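The whole structure should be built from the sequences, with the hints applied where relevant.
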Amino acid sequence: MRLLQPLSKGLALAIIWLFAGCQSEKSVQETTLTATPYHWNLPDHFPEPEVPADNAMTQERVDLGRRLFYEPLLSLDSTISCANCHQLPFAFSDPDKVSAGVHGRRGFRNSPTLTNIAYNKHFFFDGGIPSLELQVLAPLDNEDEMQLNIHQAALRLREDSTYLYLFQKAYGRQPDSYSIIRALAAFERTMISANSPYDRWVQGDSSALSPAAQRGLQLFMSEKLQCSQCHSGFNFTNNGFAHNGLHSDYSDDPGRRRVTMKESDIGKFKVPTLRNVEVSAPYMHDGSLPTLASVIDHYASGGQPHPNKSPLITGFSLTDNEKADLIAFLHSLTDRSFLSHPKYLPQQAR
Amino acid sequence: MRTITAIILLIAVATMQWGCKKNNDNSGTLNLEVRHEFNGSPFAFGTNYTNNLGQIYQFNTANIYLSGFTAKGSTPYTFENTYLSISPDASTYTIDSIPAGDYTGLTFDIGIDSVANHSDPTTFPANSPLNPAHPRYQHWAWNTGYIFVKFEGDCDTSNTGIAGTAFFYHLGLDQLLRTVDIDQQFSVDPEGNATVTVTIDYAKILDDIDFRQELSTHTMNNLPLATKVMDETVAAFE
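Taken in order, these protein sequences are the chains called Y and S.
The numbering of the first sequence is this note's numbering, which starts it at 1 and goes up by one.
The numbering of the second sequence is this note's numbering, which starts it at 1001 and goes up by one.
None of these hints come from the bench; they were simulated from the model.
The structure displayed is predicted, hence computed values, not measured ones.
Think of the CB as a built atom: it goes at the ideal place given N, C-alpha and C, for glycine as much as any other residue.
Errors might be hidden in some of the hints.
[Said to hold, decoys possible] Partial list, derived from the structure: chain S residues whose beta carbon lies under 7 Å from chain Y:
no. : residue
1   : Trp1142
2   : Asn1143
3   : Met1220
[To be verified] So the derived list for chain S, only partly shown, Cβ under 7 Å to chain Y, looks like this:
no. : residue
4   : Thr1122
5   : Pro1132
6   : Thr1144
Given below as structure tokens:
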């Protein structure tokens, strides 16, 4: 009898082991998966962003994504993280005209703001990328940016026990391309800016906008300026593509033609949000306009001639006071609480 | 006592093994054997070749995605999830299991079907050539879609006799998917192996290419050149 006990125990273990062998490894690992609900806390005039079914928002995923956003291990020479080019004080954009990547190399476009990126339908100035998750593959592979195959990045993260634990909690799997792109996207979806003076004014605080900003808002919405035809809705973008007459020659960067191959798309770029635009200079895909005053001068001039230029860009004249009013309105879209919020800062060192 | 335990264990193992296994008693495995050749000789990277325009070049990368495999015959069989990345570094590839029977040939596509081509690469199994973990994973991150065919190497654009200028042809887009049709009798025995053999003659691929004018393309920026190289790639399969 005494002999039987350890034997039968062994047998039981063997059977359990055999059954486990039949199942996928995943269910065993999923034991530590934790899903603390994430709360959006949005004002009424902001819809809840759409989230892909396979990447539901949880606090664990957001926290992991935030750590990865500041992680230089994701670049070839371990010097560049997402935050190098997407810096919080500049609404996750870069004051450099064209950002420096690994080995100080420079790409060919200005780093855009990530403000309210959760509401975007297409990504990049030419709109070639259909989801925030897939967007992450681009800077990692791009030889001017981080230049590290995402699988190599995953292997580096697997050497760190803290990451093994955090990935297990967030996605029930080890670091891999699937979990890395989803965690970063989850964090990026939290970058919602909805607390500017303009937002408080929309919610009924009539003192939130100065008289100048209110006059600027009227101009922005006016038929004379047409700004709100393209920069429309709560996020000041129609999520479309347009040719705003910036240049007459686009041989350096054909814009949306790069992905559609249509001649009629040469010079068309993503219509950007104007939230936090005060701090996201320089402007346009190539960073060619240094200030908001120069942007307004550009639109007032009617822009450069080009067959694809939008018929909405016809030019107009403004008095100096009106120009100041329009700038005051654009400044009223700056959300100071967003630009310094601790939930976007890197976590304390481990 | 020990013997009894051992017997029970043995039965347990046998049962589990059987329970785990898919019901594929009547299937065998189909392999693809690829002969990498240049004008009838074995193909080699880093070797100077001359095309029909008299221009010198050498390859250092030649990766081709294949998908959409169907075995032809009175009862054709379509392989749903087989994606292969072919390179001169390997000649034997497993297509998948196939019902036993007699077949008359094989059709497959150069490239990736449009559904998989626009899927999230990270959702494919880690050992799939479509997953970023695969050493020959090739995808345009800035414009979702796989690079169906990637030829890279060096060529002589200035008549010095030295292949010193880099060329690249990255071909993709749904519209460049091309079908290859191979007639070849084969029979599959239950639990057995069968092999279809194809030859790729790399000499055909860069014939008619004038490197001075047609040095590179990532498809979107020069669709006519991409189409030309893709059509020559199809012709290279025998």
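Grab the minimum C-beta distance from S/Asn1143 to chain Y and call the hint holds if it beats 7 Å, violated otherwise. holds (4 Å)
Once the shortest beta carbon distance from S/Pro1132 to chain Y is found, is it less than 7 Å? holds (4 Å)
Verify the interface restraint on S/Thr1144: the C-beta must sit less than 7 Å from at least one C-beta of chain Y. holds (6 Å)
The hint names S/Trp1142 as touching chain Y; please verify it with the least Cβ-Cβ distance against 7 Å. holds (5 Å)
Hint check, S/Met1220 versus chain Y [nearest Cβ-Cβ separation less than 7 Å]: holds (6 Å)
Interface hint check: S/Thr1122, Cβ to nearest Cβ on chain Y, cutoff 7 Å. Holds or violated? holds (4 Å)
Against the hints set out earlier in the document, no violation occurs for any number.
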